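Number of protein chains: 2
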Amino acid sequence: MSSLEMIEAAAGRLKGHARRTPLLDSPFLDELAGRRVLVKPECLQHTGSFKFRGAWSAISALDPDTRKRGVIAYSSGNHAQGVALAASKHGIASVIVMPSDAPQLKIDNTRALGAEVVLYDRATESREEIGAALAAERGLTLIKPYDEPLVIAGQGTVGLEIAEQAKELGIEKADVLVPCGGGGLTSGIALALEGHAPGLRARPCEPEGFDDTKRSLLSGRIVSNTETSGNICDAILTPQPGEITFPILKRLCGPGLSVSEGEALQAMALAFLRLKIVIEPGGAVALASALFRRDEIEGDTVIVVASGGNVDPELFAGALKHIP
Amino acid sequence: MSSLEMIEAAAGRLKGHARRTPLLDSPFLDELAGRRVLVKPECLQHTGSFKFRGAWSAISALDPDTRKRGVIAYSSGNHAQGVALAASKHGIASVIVMPSDAPQLKIDNTRALGAEVVLYDRATESREEIGAALAAERGLTLIKPYDEPLVIAGQGTVGLEIAEQAKELGIEKADVLVPCGGGGLTSGIALALEGHAPGLRARPCEPEGFDDTKRSLLSGRIVSNTETSGNICDAILTPQPGEITFPILKRLCGPGLSVSEGEALQAMALAFLRLKIVIEPGGAVALASALFRRDEIEGDTVIVVASGGNVDPELFAGALKHIP
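Those protein sequences? They're chains A and B, same order as listed. Just so you know, we're using our numbering here: the first sequence kicks off at 70 and counts up by one. Just so you know, we're using our numbering here: the second sequence kicks off at 70 and counts up by one.
Hint data in this document are derived by calculation from the structure and do not stem from the laboratory. Computed from a prediction, not measured in an experiment: that's the story for all the values here. Worth double-checking, as some hints may not be accurate.
As the list makes no split between identical chains, a pair holds if one copy fits it or if it spans any two.
[Unchecked claim] In silico lysine to aspartate or glutamate, DMTMM-like type, Cα no more than 25 Å apart, as pairs:
#1 K242 - E263
#2 K137 - D364
#3 K175 - E233
#4 K390 - D303
#5 K158 - E241
#6 K319 - E185
#7 K84 - E237
#8 K390 - E330
#9 K242 - D134
#10 K319 - E237
#11 K213 - E367
#12 K137 - E206
#13 K84 - E233
#14 K158 - D369
#15 K158 - D216
#16 K319 - E100
#17 K319 - D134
#18 K213 - E233
#19 K84 - E383
#20 K84 - D381
#21 K84 - E217
#22 K319 - D177
#23 K390 - E237
#24 K84 - E74
#25 K175 - E77
The shape of chain A in the complex, shown without the other chains:
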């Protein structure tokens, strides 16, 4: 099965389970960006981020005997919640391995979505060892966050929807800006656009100082960030592009873009004010790129993915002071 066929098959499995998010716009954002801006609010997806799509895609594709033994994931963030809900909607168990110093709210939310949360001590324990032991003991299947073809296929359904929605609007050519961590969402979208909207080009967006994908694309090989923490865009601070995702990004994507924390906060504030959606810092880097990197973007329309909205109330309230 080709990558595109895998995405189409994932779309079939997601039908009636994932939300088809709309495209939003505002004349005020168009004015700021100097071109038409269309925003795909994946913050409105189940569990507040696109991650539900990949999790559902992977879990729904397991053979029934394997699936009924349950799944496991390592994550303290959006992937954890996506896996927990997708598993519980399939009626199966999920185990999420999280650091014991993760915010209590995230632990509580993941449990409330039906997962068993197993905590480990970051300083003295290895989550991989704990996870491998649990998986072996119970026959759990590991759901990786991005470097997994079925997860990429699920995230690619965002790209299928963008291709359809752009066609309805008569848009044949545009940059599609995507918040990029390990590259699962960006590579999935790029594959879907290659097949269904070849005039649309995916471009990864990252925080400045954590622009491993942008630099990897420039150098033609995987390069890493020197830091993996210390930026408010926590959802997309992966050390480097994935081994499966990077070749896809390299073949299909336009140059990467990067923005400052302040620009991400301004984009969050503008999305609040003009679109009435809640986006988290990592989910705001593509909108920030559209608004504040206009000279690096081509065409009279830009499509932006707002990938998630799981942000602490205090941080969000602070962002609202950044309305330009």
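We have chain A already, so just place chain B on it with the hints.
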């Protein structure tokens, strides 16, 4: 033409112009409400509220010669922005008469959406006289905010969508909670449901102390609020139900519900946290009713309209401290 046919005709005129908003949900809200809660986020509509629908419905129905002379409205709020954008998308002029002490941001926004804003002094001038003089001089058509059949028909398209979406989900019976000011949205939805989903029942929701519609329904005749200001739910503080809307509400709606300001703020915070949408206080009273008046609601599913999201950043940041 029957009321239902007017709504269906309005839906035809709105197609491709208004957004078809989705139905959102969250297991966390279901848990709080003790039943399934489905939220229709009209805050995601153009200009951040359902008012765009009624404005577009009325303007698009004018005969071309009348329309090209332009329209006028009295409003400092959501209706103003809806009329301004609907007029400018029709390529016609709009005049919005606003009090000179309206917040500068609202004046600026209305102008930016293409309207000519005419300011008047609340203490010494009558907006009706100013408006009538301008209308006569320029041949402008007045677009009323709610007591106008074409406006009610436009708002009724929310009800058509709810009927369709409920059917897709297999929901045959439910209360539909609607934030209610003058009653344009509630009566339009009630008429649409009567025709297309007779098992769904519209119910008006209001702030405590400004529950003129709830009391009017109880007494069977129009009664007024003693105050028309002094509550954060500014978008729905009308003095009394409309003369056209009230007979519709009386014939079709279930009993009204009312909530406190604190409950509206909590509902805003929960919509932020669980649905990733921005709703204003007046737009949150239906969700607040679903969450905090569970004993007054019937059935295992409740549908809630979140009617608008035009809220000042400071007020919104304050609401986020109300997460229960």
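Which of the listed hints are broken here?
Structure breaks hints 2, 3, 6, 9, 10, 11, 16, 17, 18, 19, 20, 22, 23, 25.
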